[in-house]
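The sequence shown begins at 94 in our numbering and counts up by one.
I should point out that these hints are in silico values taken from the structure, not numbers from a laboratory.
Please note that a few of the clues may not be correct.
Said to hold, decoys possible - Label pairs and their in silico Cβ distance ranges:
id : residue 1 : residue 2 : range
1  : D221      : T413      : 34 to 44 Å
2  : F489      : K428      : 45 to 55 Å
3  : Y218      : V438      : 22 to 32 Å
Computed from a prediction, not measured in an experiment: that's the story for all the values here.
Heads up, the beta-carbon is just placed ideally off N, CA and C, and yes, glycines get one too.
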Amino acid sequence: MSDTNNNSEKTSIINNDNTGSQIITINNNNKVITIENENNVFSDSKKVVKLHSFLNKDEIKIIPTFTYQNNQWISLNNQNNIDNTLNTLQNVTNTTDNNNNTSTNNLTQQQPIKCLSFNVLFDIYQNDIAQHDLRQLMQLKMFELLQADILGLNEVTPIFLRKLMEEKWVQENYFLSEIEVGEKKESHSTILPYGNLLLLSKRRFSNVVFVKYKFSNPATFSRRSIFGFADLNLQINEGNEEKKKIRLCIGCIHLKALKECFDVRKKQVQELYELANHFVNNNKPSLNDNNNSNNGIYCNELIFAGDYNINMPFENLFITQYEEFNDLWLRKNSKEKGYTMDAIVNPMVVKLFPKDAGKQLRLDRVLQWKSEEALLECEELKLFATKPIKKLIKLFFTKDEDVNKFYNVKDYLFCSDHFGVYYTLKLKNN
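Input sequences plus hints: build the corresponding full structure.
Pasting the structure below:
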């Protein structure tokens with residue numbers, strides 16, 4: 094979703110040769126805000142705030158892992174004993190795979206992990222413009238055909254989640270981080286009124302644990318980040334029995350919107366950095382034993398993907414200041430802009446948000462932790478859902494009854510106001 098304001102801003106960047114720091118000044122509504130990156134300081138005319146640790150470990154909360162069994166969605170980890178939970182997850186993975194005549198695959202150089210990250214655009218308002226039913230119909234078909242092992246979706250609503258859960262390909266192939274589609278005020282759903290959703294392949298992953306995290310900044314920020322932890326077996330040398338199990342963390346991220354909220358995003362990125370450090374260094378047990386003392390919340394490979402809402406060029410520094418965070422688009426496609434919100438290509442953006450005319454932003458990012466040291470590397474990274482729906486109908490649907498559902502589709506209609514990011518991870522050749 095795009096957020097706009099009417100405030101004019103003036104940005105000046107000053108390099109301080111003596112300290113190596115970079116000072117950025119924003120004149121926003123006649124208020125001067127200065128960020129001095131090297132010293133991690135925010136200041137305005139009234140105050141200077143030294144940033145400190147924002148990580149709140151009490152907000153790292155395990156949520157149910159859901160799978161489809163016996164014609165219904167069930168929670169796998171409602172037991173009190175986390176050891177039983179992880180054992181149950183392993184057993185259900187094996188049972189489900191047997192029922193589907195598949196098996197959990199070891200990853201080799203020839204078998205990459207297929208991943209996608211997509212802000213689907215919530216269906217809360219402006220249906221007359223956004224034609225939510227038609228967009229969602231196309232999105233579901235696109236997801237089915239992409240056959241991703243990992244799907245990280247932003248702005249999922251109960252309506253869209255219900256449609257996902259009814260799809261046979263979802264029921265057969267994925268663990269879900271949420272199935273609560275009720276709209277009760279007391280509900281603990283992670284997608285009310287909208288939120289993040291993770292789907293992890295049953296064929297590729299075992300011992301799946303989902304976690305939600307509420308950002309400290311701001312305290313009223315309601316969108317929970319969702320993290321999935323899962324075991325993946327790697328076959329180091331094809332043709333022999335040398336294998337290594339790694340534990341992967343996938344984060345589904347959606348940061349604060351509105352371009353004037355860059356200071357909040359800076360703190361949220363810092364919080365993500367602290368979370369990543371915590372997950373990677375969480376007194377992890379040996380990956381070859383069954384010690385589950387950390388409730389499964391640890392990893393040695395980490396990817397955070399989603400809508401970072403990076404609105405202005407200097408905000409890239411919020412990420413690049415942490416050398417452990419590697420932006421995979423810059424590593425793979427440094428010569429391409431990679432705009433995931435492009436109001437020039439996607440006229441639906443302007444229809445929904447007229448003040449965003451001409452806007453071109455790379456809002457959506459895929460960050461990998463210590464790419465050089467990681468066992469997994471990005472093989473392919475590209476955008477998808479970059480064409481109007483009208484051009485996709487006959488490519489994706491062959492039956493007349495399905496094609497006819499789009500009889501009134503608008504010429505400007507795209508799947509979302511964002512483009513999706515599709516990427517693959519493979520085992521390094523070493």
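Here is how each hint holds up against the structure:
Between D221 and T413 the beta carbon distance is about 41 Å. The supplied range of 34 to 44 Å therefore holds. As the Cβ distance of F489 to K428 is approximately 30 Å, the hint placing it in 45 to 55 Å is violated. For the pair Y218 and V438, the beta carbons lie near 23 Å from each other, so the given range of 22 to 32 Å is met.
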